[in-house]
Each structure stands twice: as C-alpha cells, then as structure tokens.
Amino acid sequence: MTLTLPAILFIALVVVLLVYIVLKERTMVSRVPLAVRYAAAAVALASLVGLALPFRYQKRVSQATDHRVQLLTTGTDVSLVDSLKALGDCYTTDAILAKEKALPFVADWQEWTAAHKNAHISIHGFGLPLTRLRRIHPEHGDYRDGPSPAGLLFAQWDQEIPSGGDWVLHGRYRNATGEQAKLYLFSAAQAVDSVILPQGQESVFDLSYQPKQEGRTLLDLVAVVGKDTLQHEQVPLLVKAPQAVSVLLMASSPSFEYKFLYNWLRDSRYEVIYRARISKDKFLYASTAVLPERERKIDARMLEKTDLLVIDETEWQQLGALEQAAVGRAAAKGMGIILMIGEESPQTKMGKLFAWKGLVKAGEQRLRLKDRNGVETRPLSTSDIVALSNDGRALPLFYADGHIVAAARMQGAARVTALTLRDTYSWWLQGEERTYTKFWSQLLSSSLPEQKNVVNYIQWPALPKSQDWARLVVKGVEKASLASLESYNAPMVSDPWIPSTREFAFWSNGSGWQELAVGKDTLAFYVFKDDDWQAWQYSEQIKQNKNYFFKRYEEGSTENSVNIVDEEVPKWIFYVIFFVAVAFLWYASRNYN
Amino acid sequence: MEYTLGKQWLEHYRGRRRIYLLLAQALYALGAALLLASVIGFVYPLPWWTVSLMFLLALGRCLFFSRLWKATLLEVAFYLDAKFPELEYSASLFLKPGSSLGLLQRLQLQRLEERIPALSQRPEDDYKMLKVPLLIALVAIGLYALGSSFQQKTQQVAAERELAVPKRRAMPAPAAFTDASLQIRFPLYTGLPEQRQHDFGVSALKGSVVTLRLRANKRMKTVKLLFNAKKEVLLHQKDSLHWETSFKMEASGFYQIQYEGKASALYPIDVIPDRPVSIQVTQPNAHTTIEPGYPAKVGLEALLTDDYGIKDAALVATTSSGKGESVRFSSREIALKGAGGKQLRAKQTIGLQALGMKPGDELYFYIRAKDLADQESRSDMYVVTWQDTTELMSLSGMVSASDVQPEYFRSQRQIIIDIEKLLAEAPKLSKVVAQQRSNNIGIDQKLLRLRYGQFLGEEAEEGGGGEHEHEHDHGAEGEGHEEAHGQQAVPEDIETLKDQFTHHHDRAEDATFFTPGQKTQLKATLTEMWNAELKLRTYEPQEALPYAYKALRLLKDLQQQSRTYVAKAPSKPTALKPEKRLTGDLVDIVEPMVNKGLPPKDESTLVQQRLRKALAYLSNRREAGVLDREGLALLHAVQGELIDGASRAPGKYLSALKVLREIDEKEGVYALGDIRVLATAIQELLPLMPYQPAMKKVTQRENIYNSYLNLISNP
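Line by line, the protein sequences give chains F and A. If you read the first sequence in this note's numbering, its first letter stands for residue 48, the second for the next number, and so on. If you read the second sequence in this note's numbering, its first letter stands for residue 2, the second for the next number, and so on.
Just so you know, the hints here were simulated from the structure itself, not pulled from any lab data. Note that the structure is predicted; figures quoted are calculated from it, not measured. Even for Gly, the Cβ is constructed at its ideal location relative to N, Cα and C. Wrong hints could be hidden among the right ones.
[Claimed, not checked] Coverage of chain A stretches by chain F, computed from C-beta distances (three or more under 8 Å per stretch; other residues unrestricted): (1) 525 to 539; (2) 599 to 611.
[As the list claims (entries may be wrong)] Derived lysine-lysine pairs resembling DSS-like cross-links, with alpha carbons at most 27 Å apart: (3) A:K219 / F:K287; (4) F:K329 / A:K597; (5) F:K522 / A:K602; (6) A:K602 / F:K306; (7) A:K263 / A:K219.
Chain A extracted, bound-state conformation:
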C-alpha cells in the first residue's frame, strides 16, 4: 500500500515555499536595481528601460545563486520535522516506497497521514520571509522617487536658465585683458541664481543686470563701452588695472569695448522678453444667451499660464441693464483663486442673479492677469445675454407698414400665450382636457412650422425635423444640381421625378430668397418649433415653453436682420430755387481741380534703393578679391542700415556689420564667405519689391512684326 498523501503534502509545501522565495528574491533584485539607479541618477539620469534591465540582471543573479531550485523533498521533510513536532521527526518516511517499509514504519506513516489534514489547516507564516526584502524594496523605491523628482527639478531649472540664457558661441574679451568676466543677475521674481560667464556675448532676460569686470594687463587711461555704435559708457576704475561697470538689459543691440584707441569685436546683446500671462478660456463661448426657462448661470473654465509665475488674476465683470438712454452699467472684479504658481486653472460658475442681474440684462466679462513682472494681459471679451420674455413677446420693431407676413410672427407669440395660459389654468382642468389643449397647441405649432418650412422648399407633410435641401449651384460649369433627401419616397410619376432634379424658377414659393446665413437660421427656427411641438404633443407644455421662446427669438432676429441703422443727425437740406430748378443752367457749376503733385521721395525708398544696388553688386563677386571704389562706396552707403538692423536683431545682422568693418579696415580686401554674409544680411533687410507697371522693352526675340509695322506706318 502506498502512502501518497504525505508525499503530496511535501511537494505542495515545497512549491509554495519556492513561490515565496522567488518573491523575496524579486524584491531584493528590485531594491538593488533601484538603489543603484538612484545613485547613478544623481550624476546621470537613467531611462526606465535601463532600470528594468538592471532589475532583470539582479533578479537573474539572485535566482542563480539562491537555493530556490535546489531544495529537495528530503530537505523539506527535515524542515517540516523541525517545524511540526507532531511529525515526530518521521516526515522522511513519506518519501520511502511502501514496499520497503517495515511494520512499525507503516504504522507510523498511518498515524502521520491522519495528522496531515490538521497540519495543513494551520496558518502559514512563510510570508514572514518577505518582510525584510519588502522593506528593502520600499526604501529603494522611496530613494528612487526622491532622486527622480530632484532630477526633474534640476532639469527644469536648467531649461529655465536656458530659456533665460540660451546657448551661443562664446566670445571672449580682447587679449588686452587678462581676466574678464560677466556676472548676470536675473530679476528677483524669476528666482534664478546668478550666473557668471566669460562669454562677452550676452543673452539674458529683460531686466537682468549685467556686471562687466575686466583686468587689464597694463595701465589704461580709459576703458569704455560703445553701445550700438552710438552711446558711450565709461567703465569705473577700481584700481590701476581693474575696471568694472554694470548695465541693465533693456533692448537688444551690440556693444564694443574701446580702450587705448582700439576697439574690440562687436558683442551681441540679446534681450529675451518675459512673456505675459497666457489666458485660454475654454468655456463659455464668446456670446452666450440664457433662454427663458434655463438656469441663470454660466460655467467658466480657463487656463492661465506664465513662464515665471502669476501674481494675481481676476474676472472683470460688467453688467448692463436698461435700454436706450437709460442703460446702466456696473462693474466688479472677482478674484480667481490659485494665483502664485505658474499655472492657474479657473473653474467656477457665475451666477447671474448673484451679480445683481435680471432678465434682459447683459454681462460682459474678461479675465485679467498679472505676472510677477507686473505685465498685465487680458482675454477677449465674453458676452452673456439673459433673455427677457417681455421683450420677446412685445411687438416692438415688428410692426411696420411694409410687414409682409405679420400673421406668422404673431402665431408663434400666440402659441406661447396659449401655452402660458394652459399652464396657468392646468390645476383647474382635468387631465384629459389639459392634454387635449396641449395637443391642439402642438397642432398649431406644427402648422406654423410647415408654413415656415415652405420657405426652405420643404414638402407639406414632412415631419420629424426632416429637411429637404436644394443646393442651387450656378457654378462655372453651370451644372451639378444636387439634392439631399432625408426620407425619399418612390416618385409616382415622371413629373415628381423631374421635380427632384430640376428647378422651377417661375414659382415664387420655390425661389430661394434667403442668403445661406438666413437659411441656416430659419432651419434652426424650425428645429426649435419641432422640439416645442414634440413636447406639446407629449403633454409636456412646461418643457415646450423654452423651445417656443427660442423659436420666437430666432424669428425676431431673422426679421430684423435686413435693417440698417443710420446715425441720427439733424439735416437741413439747401432750400430749392424754383426759378432755377429744371432749367439745365450749369454756369455756376465749377470744375474742381485737385493738384497735389507727386508725393516726395521718402528716405526709406532711397535707403532701399541703395540696398538693392549693393545687393546686385555683391552678387557679382564670385571669388575673393578687392572691392573697387564703386563697391566700397555702396557698402559705406548701407552701413547705417546694417547698424540699425544689428541694434534691433543682433543675431541676424551683427556678423554682417563685423564683416563690413573688417573689409573697410583691409581697404576692400574680402573673402568669398564675407560676401555671402553681407549679401544674406542685405537680402534680409530688404522688403519685397512693390509691383509696378512697366513698359515692355522689345524682347530678346526680335519682334519682326513690330519692325514691319513701324516701317509701313512711319515711312
């Protein structure tokens, strides 16, 4: 007889233990990898895949050297013997084949197997082997996270510094100065640390203070800075050899160090502006209308960002109430919470009633924000209109002698009046009667909708807001009449079929009077009417009311679109002279003569002409050489423009100015590269030529016909 239960139990126990051991090894490996990555990351940030690779390597090593796979069942039996006294140090008997067991052994085995189920029920404590590795792993994770966040911050500072001080090729001080340095102090609000450099080309944030320190190799009388070839600033002498000065970065340009009758190279000054706060309003739309029946509030969502920090932000709201000359405005500011950081997400609901508004009023608001440099920016203006039902229901602006279809507009108003009357009387009416009245009003709404639908060429019996569009396309080819049908029935006869694809220009009701914008608005009106009809016919008159009001508003807008407004001004025309009227006497009509002459040639035109000539001249220099007198004169003539350009954008034009001065110093000797630099800069300075009509010259291909015509015309 084979006693298998014990062996199974041993195998099960070994398998479970192996899992725990594996987990422990994995946690050790994770801890090791993360610890190593944290240490290395202080110097060189590692990407995630490197850390994963380290983990795998560590895990492999741990598994290789661990005894995970080496534990035999016998060793497990010895372990269990020590753990469970109930086994009476006989667990190894489970591994012996039944045939080799003696009587006592079999008896012992029997006893042990009876105890195995009870032993299996005991709570496991193998999990305790995970405590230490888990702790190590958690500590490693914590250290890694800390290290990563520190790295990110460092990178961010470096990026910001680069933003404030972008990379450029280093330009050292002249050789006459043995020790020279620049110290840049950024504006306090940026929070950036001071920077020292030996590069005399300065690129820094606007408002930064640059301190220039020079140590000359011999005594000098004066050392000064020449800004943009115009302004001189003397350096302050600290002692016999040390010179110092400071200047503030306000505008881009260039400068030179002048000493002992010599001048250094041209050093660029690049001022990087601090951008104002960027405001993006995602909600609401530029113009919002609160329809009657809808809650009187507006959701605001905006994102404000700045490169260095937002000092404060507020919503500036102006409400207007009243009409005509009695309009009243009131403004208030609502501070937006969250200012101080670089980003601010504003999300709030603006209650119109809280602002003291009532139906008929309008709200204009914008967001104003200031950054740490006190630069203010504002968003666009947003308008919220709170519709007034009184205004909608009034006849103002709708009654006129030339009103062509007054009954249509009154019908929509009548429908609204009927709905409101029904709602007022509903408590006194029976359910059936109320529903019947609601249905009747719905039918009226339907009839009205169909009447309006005819303007868009809809069929009489279509419902469900289905639209039947004719695309009238009188394009270049004069072809392509296209239609879009919602639901199309099979035409009964040829005439109906033809009607789908042809136009009837002799039928007034099918003609398209409306512009595309008006048609769109009419379609929107029909949609609102359909929604109102739906609610009415499903016995929900309360919910139909907002749709009805909206349809009325759209109709009013449509009707008033064709209006033009002129300024009200008193005009008193000249009194007519009956004796002169209709006589045809033109004697007193003077022929006006306007003679302004040609406009004077402005300086910019002359400047551009000089630049164009210089550019053409340079384009012909194809190898290194010496400029002739004409070339030198042309380049001298454009030097002023290059100086102005270098002051505005040193990065673009300073190198060309340097080249020009070098050529001048060498009395016209130039290299091919110099020509390219100069020509590129001049080309950049020139705007596009204006188009000008010009007479044709007789072309290169001789026009023999013109010659013949000239000869026979002028013998």
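The shape of chain F in the complex, shown without the other chains:
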C-alpha cells in the first residue's frame, strides 16, 4: 500500500488521538485493567485506520486454465476467426470485426476484465494499448503474433532545422500489396521527392528536401499504388532562420581562400573579422563591424564574441603565448575551430589531434569530394591533395579520391575541424557558388558550437496525440517558471539530477500546432490526430504487447501455475472490530462511572 499525504496525515491524527486516549484513560477509574483499556483503544483506532485506508494482501489463486478466452483486436487475420472461435470464447475490441463475424464486442474494458479475471486471455491482432494491458496480469494472458501492419511503420526526422538546410526523413514501410508502391513527399501540393517501395516486403527509405518555407509547416507523405492512395500522413517541420554567427579568420598570409570565405560570410550577413599577417607582427584587417585598433588584440574580450575561429597551422604557431592561451580558454568554453593543415606535419597541439598523412597526390587535378553520406560535390580544380588518416578519434567529414580531407573531433567543449584543402574558392571561379556555399555550410555547421541559452524540448511520446496524455521535457530553463499551454498555466516539475531540465505533462484537447510558453520563450510542437500514423502506432503497440507478456515466457512459467493476486481486506472486518472495541470501551466507562 502506498501512503499518500492524506493517508499520512490521517495516521498522524489517529496517533494523536491514541495519545490523548492513553492520557485520558490514566485519569479514569475503572475495574477493567488499564492495559486492557489501552489495548481496546489501540484496536479501535487501528480498525478506524483500516476503515479509512485500503489494506491489500496477496492471495494465491490456482489458475483456471481450462477457461481460455480469445480476444481479437484490430489487425486480426480475418481468415483465422472461425478457427479461433473453435478454441473457446471469442471476443473482440474491433467494432467492424464484431459486426462482420458476429462476435461479442467488448464495450466496457474494466467490466470485461473483471469478469474474466480468472481466464487465460490470448490476444490476437495488433494488440492493446498499454493502459488497457495493465488490467491483465502478464501470467493471465499471452500475445499471439499476427501479420505486421502495412504502411509506414516508422519515421524519423528533425522537427526543427535552420532555413537553407537539407532535411532528411528516414523511415520504414511495409508494402503488403502485390504491386510496387511509390511514396511521395509533398510540399505545398508539389512532389519534392519520391521513392519506390517493392511489393510484398518491408523496406527502408530516405526522403530529402530543402524546404523553401520558413516557420511552422506541414509536409505530406503519400503512398500510392497505381491510382490508389494507400496512406497519407502529415509531417510537421519547423524551419527557423539561423542564429547570427560571429567568425574570426586568421591567416598567416593573405590568400584567395580566406578572401573568398570572408566575402561569402559577409554577403550572408554574418559578423566576420579577417586578419592576415603581412609582415612581422603586422596585419591586414577586414571586418564587417567597426574595429578600433585597441580591439584588434586576440584576447578574451574578442574571443568571447567569437563563435568560430578559422586559422591555419602556420598562423597558430606564430601566435604569442598569451594569444594561444586566450584561444585555448575560448575553445574550452565552446568556441569552434577550423584548422587549415598544409603539406607539413602539424606542430601545434591542435594540429596533432589529427592523424596527418601527408601529400598523397601531387599536381593539378579535378576532384569530386564526397561527404559522409556519399553525396558528391561538383568537380573542384585543385592541386596537391594532403590527407588525414582515419585513426578512429576524428570523424571524417569529406573525402577526395578516397582520402580524408576534412575531419572533426571534440576537444573538451570545442569542436575542432581539420581541413587540408586550400583552394575551394575554385568552385566560385568556375561558377559553382552553390557547391561552395554548401561545402562551407556543412563544414561550419559541424564546427560551430551549440546554441547557448536556448530552450529546447523532447516530446514523449514521439507522436503526441489529441485526447491523450503527453509530456514535454524542456531543457534550458534555469529558473522555475510557469508554463502556459492553451491558456492553461502550470508549474513544471524539475528533474532532481539535472536542474535545467523540467517536465510538463498535459492533456491536449485538439490536434495541430500548439505553443508552450515558458517565460520569454515559446516552444512550438505538433499534436497529431488519433488516427494519424496508424501503422506506426500499431507497430509500437505490437512491441509493447510482446514485451508485456514476455516475462511470462522468460521465467518458463507454465499455463497451470498458481497465480498470485492482490486482494483488499474487506471493510466489514474493520467495522466489526471497531464496534466491538468501542463497545468495550463504552462498557468499561459506563459501569464504573
């Protein structure tokens, strides 16, 4: 029995009453011995507690295994219904099946489970939701596998992306038809990507798109066979303008590579400072903001505002000790670093983080780079390929002719990326600006630190549904604050171990985009309708049902085992004891008073 706060208060009150009675009885004169009167008082108060609070006990019940019940849920193979009927009592939770096969329909789940609590229930079809399953003891039932649901069994996508980014949806689809199906991704009623799903099997797919929208948007996934639509689901996506980024470029000598990078960052409206060494301790500066002479030093004040540092090995070696220390401290706080490594073996601490391989191919050549996903870029005219080795500590980002030319790794809180290419500006000269911007966007995005002081959330379940409970685990809230959803305000429950993580549980009345206001921030999330992503729902449900009854099989229990059930002590016992005790006390007080 779990003690709630009212129960504890009640027990405390009873204890106080007992103490009072004990003190009072001491002053009274009676023939009945004091100890007996104390015992009677204690029994009376204990039975009072028993009246007020539920007491349970475990009772061993031998299972009536002869009574088997078949429970047919949605997804049951219709051809098996007749044979299942022959096995015993057959019930169904699916109204359509009940009508078609004249089966008794389970209208009230609570009542039905109570009526069949001693029966062994075999569940067929896609199973039951967890809330219903809990009314069946794992040893009182089992789940019988059936055919998997057809349709979109699973999908995973980033719900929030920055504008201009590539968006990918991974998923799994089971095509139970006898024909090839096609899965389309629609944006604004236009198909932007598609994939062919082979017939009669489960297949994994990827769909990608570069959204043109900005803000909250809904994409559509439509599966078709011929002219028939098999499934149509909505995919919510939030496209946000990227946060402003501040970049510092430090070059050991003026070069086209830095010049083009500076120009592109400036045209993209990023704050950027470019410093190129032109002589001993003499520099050329270019900046998008006013940069007085006194603020040109590489120190904590400048680096505090910098999100990313792009520097070459040579320049790093020429930095003074104070400058290097300032860069190191900034990196420890999370500043990203892109280190340009050349033909000479790195001598700096940052450079030695990467396994340098050296010059692998000399001479003018045209290369196609490949990223981690195998996507190729347009050809790049370059000379000399310097490569990095794959030592398992750095994550390769780009390959050229099978050699790693860019890799990233964590160093404390900083993301450090090494790049060996020096003439990516050739893309710009060839008119391939888009390739250039995509390459550097990927490189910079992998090196930039995470957004600071931003409130974010994880939703549970993955697809919150209307008219059901859901939770948002909100991260980044430093102070306790109220959360507001649909004009319903409630405090968030703090995680005892991670102070900046709080949880907000809610019941959503409607579907669509919802907003949770947390202090000054607003979090947008999407609530699906009850019949959205049915196949995925059923797929998860099947797993839940299997896991729920799994223990039974794991422990090797047999169908004829004795079962333990929780029973509540009947209240009338406590009534009788209470009255007897109180009657005794009354009798004891009456005779002698």
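Starting from the structure of chain F, add chain A where the hints point.
Leaving out everything else, chain A in the frame of chain F:
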C-alpha cells in the same frame, strides 16, 4: 489416237486469259478503293491500312462476281473459233475424246493441229483488255495523290496555327456583354489567315494585332481594359452599345475588362515568340588547318531552318593576312542561294585563293541569316588556317638559351629540306639513285621517330606506328597498373616480364613528363612521321612532304605549348633605398583596415522572406475555412509578387492571382483547392534557399553528455 495438242493449246489460252482478267479486276479494285479513299479523305484522312483493306474488299467483290473462274474450255473453243477463222469453227473438236471421233472429224483435227503452231506465234492482243482498267486506276491514283497533298497542307496549316495559337480552355466575356468576340490578325509574313474567337484568353504570335469587340446589354459610360493591374486602355465606343479596341501582342501578361465599377475575370495574354533562324553547320569543323600540299579549299555544309521563312542568308568571311602589327583584315559577304523557304541547305566549296588568300593567311567565317520577322541569327565562328611552309621552316620561336633538345626539331626540318632537294634534283638523277636517296631519308625519318618514341616509352625497334602505352594510375587504391601492347613477344626472362608490369621511377627516360594532351599530340606526331617514312621508303617523296610538314607543325606546337604570354607594359619599379634595405625596420608599414560593413538587406531578400512565411502558413491549412488576420496579411504581402509573376508567365501564376482576389473578396473564406493553387504558385516563385551555416540546437535526443560537461565545467 489422241489429239492432245489442241486441248493443250486451249488450256494454255484459258490460263493466260485468266491472268489478264485478274489483272484487270485488280486494277478496277484499286481504282475503286483509291477513288473512295480520296472522297472520304476530304473529310476524314484515312490511314494506309484502311485503303489496303478497301482494295482487298473491292478485289474480292470483283473476283467473286467476275466470270474469271467460270470460263470452260468449250467457251474458250467457241471464242477462238470466232477469233481465228483458220479454225473453221472446229475448235470444239479438240475437247472430244479420240475414240468418239469419226473419220472426217479426225481429218479435220489433223489439219487443225498442223495450224496450231502458226496460230500460237501470232501476236497477242489480250493486253487490250487492260486499257480501260489501267486508265481508271491511273486516274484514281492521281486523284488520291492530289487529295493526300491537300490534306497534308491542311494539317500543316492547322499545326502552324496551333503553334501560333495553342489550345487553351475557353474564357468567355462577362455576362454584361451579349455579344463579344476577338479577332486576331497574325503578322503578314506568316501568311496565316485571320482568326475569330469568343475565348478572351489570348494566345498568339508576337506582333499579332488583337481586336476586341463587345456589345453591351445596356448603355455604359466607359469600358476599359486593365493590363497587368497597371495600365488602362479605354475602349472606343462605336455606338450606344458597341465597344471596340485593338492592341498588339508584345509581351505576356493578363488583362481585365472593367465596366460600370465592375471587373471581369483575369484573362491571360500568352505571347508566342517567333523563333529566329536555326543554323546548323555540319562541315567544316570549328578549326581547320590546310596543310601544305593539300588543296586550298574548304567544303561548307549547313542547314538553316525557320518556322515561317528565311528572308536571306549569307556567309560572312573575314580574311587576315600578315603578322604582328602589319595584320590586314578584309571582309566580304557571300550570299547563300535558296532563301525564301522555311529550309535552306547550303552546300558549297570555299576556295581560299578566290578569297584572295595566300599561304599563311587565316579565314574566319560565320553564317548570318534573317527570318521574315527581320530577326537575325548567326552561327559560331569557324576558322580556317592555311599553313605557310616558310613559317614552319623558320627557326623563330624555337631558338632559346634553354632549348634542351634542339637537334630533334632541326632533324625534322632537315628531313623536309632533304626531301625538297631530292624533288628538285630528281629529274637529273637516275631512278636507282633517287630511290636510294629517298630510302636514306626514310631511314633518317625512322630514327627520328624512334627518338621521339622514347618519350612515350616505346621500345627501340618497334615500327608500324605501334604504340606501347603505360597507364600510370595512382588512384585511391593505388593499384591497377595496366598496359596495352600492340604486338607482344614472349618475354625471355623474368626481368623483361617484370618490366611489363612495373614502373621504374628511377629511370629518367621512362618517367612521364607529359600531360595527357601533350602525349596525344606526340603520338599524332609519331603517326605523321611514320606516314612520311612509309612514303619515303616506298619511293614516293612527293607524297611524303605533307606528312613531314604536318609532323613539323605538331612538334612546333608542342614546343611552344609551355609558353605563357604576358602583356607588354612598361614597368618602373620603385628605386631601392640602400640605407633602409635589410634593416628590418617595419615602422612605416601600415596595417590596412577594410571596413565595408554588412551589405544592406536587399528588397528581393525581404520579398522572399514574405513568400516563405506565406508558404509555411498555407501548408498548415488542411481544410476549407476562413483565414485569420495573420493569414490575410501574409497573402496581401505577397500579392505584388503574384502580379509580377502573372505578368511574366500568366499560364503559371494567373490562376493563383485570381484565387487570391477571390479570397480577398470573400473576406478570407477559402476552399482547400484554393490553398493548393496558391501554395503551388508561391513555391514556383521561390528560388532554392541558399546554404547557410547554423549553430546546432541541442537536438531532440537530449545530449546528456553535454549537460554533464556543462555541469562539471560550470559548477
């Protein structure tokens, strides 16, 4: 005794007659089928198989009802009796069995059989039965051909008209006008007839004049046209109810009819441009070189096509002669014959001497053509270079202090000099001596070829232009050394075998100094040398000369490839200061500071932002309803872009503009189809997003490690 000759003759005659009859029936059937097809074809063109089917049916009918198969031998005998008096009406006797004949009959038969060979020799006139059917068939063929050509022309005109006026869904005038029509007059040069229509959406050729005539159902003060939501044009009132105006099709867009404070639907204006003349030059190549010894002419083949007609076409030729600062240019135009139609095939030979060119000059030419709409188009520039032997034989550009292998280049020149000397002296020499000298020069050529061949790694004694290639492939795997051998001998030892599959990077002569382009050119040089050697050693020095010159030209090109040319400009560097030099004094070096600031946000970026937000908003409308204030504001903000889009491409954006206006009129009430139309149009208007780096947000899958690191780093 059986008298069989007569019977055979009768059977033979019957068979031949049947053939003629069959031919006649076939010609009748053909004539009938073609006549019928011609008649039907005026209304509905029939495919060839239908005509064939008709012919077969007609032939079957003719054969069925003809007496072709019914003619008996007796009837043939009666016919022959009438035709040949020599038979004395006794041909039927041939059919009677010999045993039933009397004496007189047998005698008669004998006499007749003697006459049969002579009768068989007489010329046949059965062909006359084909005259009438043949005539009928020819007339039918003629009519059918005439009908087909007329059909083709009609189809062509219809296709052209469709080109000029493609099909679209008809859009009628507003109900306030009881009678409304559009008259389109196409440009004169197209030769297309006028067109009348009641569809107010106009799609026509550029330059067409559209006359709009309206008859209102009541008096109106003004009726005007509003083009692209900007320009107004008043209609001219002919009388109390009739209104008229004309406008020229210059640019695509849309228009509305405005009357009595009301406005009609948006009618699209699609201007179809007249394409300029398309010029395809199949001969010569972009750059042609006339080698010494080859005829100085160039063949030109080109195909010019236009949709309505070519007004004129000409070849514009520019010749350049001279070198350096004394280059002279002269241009002329050579008209191409055949202009006037829709297609022009130009095929002619351009004689370089006729253009006043001499060796060393260059010809640049292109084809210029004008169509009936006076649109000019031109082809690419083609260059013809007439090689000059003097230039080739000169040492200019080849002598330099850093010339590594001068003797190789002089050797080829020496070979040419020797050949020319031999040719000059050949009349004075004996045949044997001339051949010997030719052979010797051939040997020199061979030695030279082998010397050059070493650069490509060829073996010393290989001949016949055989090439021995090494493919140096230092790819990702660093594997795969492949070789291609022309003729491969069995290696004598392991070292030779290894040599075929390995590289020797320590041997300078085996190293590949050349780029693939240079190697290709060197191979071409070797081929020319081999050809020259072949001719020399087969005692044909005259024919070896062009190959030798070509090899020399290729070698010169190869040698000069590594040159770079810089502009000649006088430069005067700053005078050095010896007192400051090498002191390391950097005081006067100023640190440049460039501060341009961020570029201003241009209007197009703001426009695109509005469009993106509107698109996201519309994507969330999943059922019919009413737009809220935010939605209406977003759509108002993008209306200007939709108007601009509809002006440029009405077919794409006009429907979206209409939908937007309807929603506005209904104060935000929309149907699901309206949202789709709007969203599709906005999606089309938006370009691809530029890639931008962005900081990661902590992802949906909470990064517990980051949290831990933050906690221990910032306690």
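Right, here's what the structure says about each hint:
{"no.": "1", "hint": "525 to 539", "result": "violated (count 0)"}
{"no.": "2", "hint": "599 to 611", "result": "holds (count 4)"}
{"no.": "3", "hint": "A:K219 / F:K287", "result": "56 Å, violated"}
{"no.": "4", "hint": "F:K329 / A:K597", "result": "21 Å, holds"}
{"no.": "5", "hint": "F:K522 / A:K602", "result": "34 Å, violated"}
{"no.": "6", "hint": "A:K602 / F:K306", "result": "22 Å, holds"}
{"no.": "7", "hint": "A:K263 / A:K219", "result": "14 Å, holds"}
Hint check: violations occur at hints 1, 3, 5; the rest are consistent with the structure.
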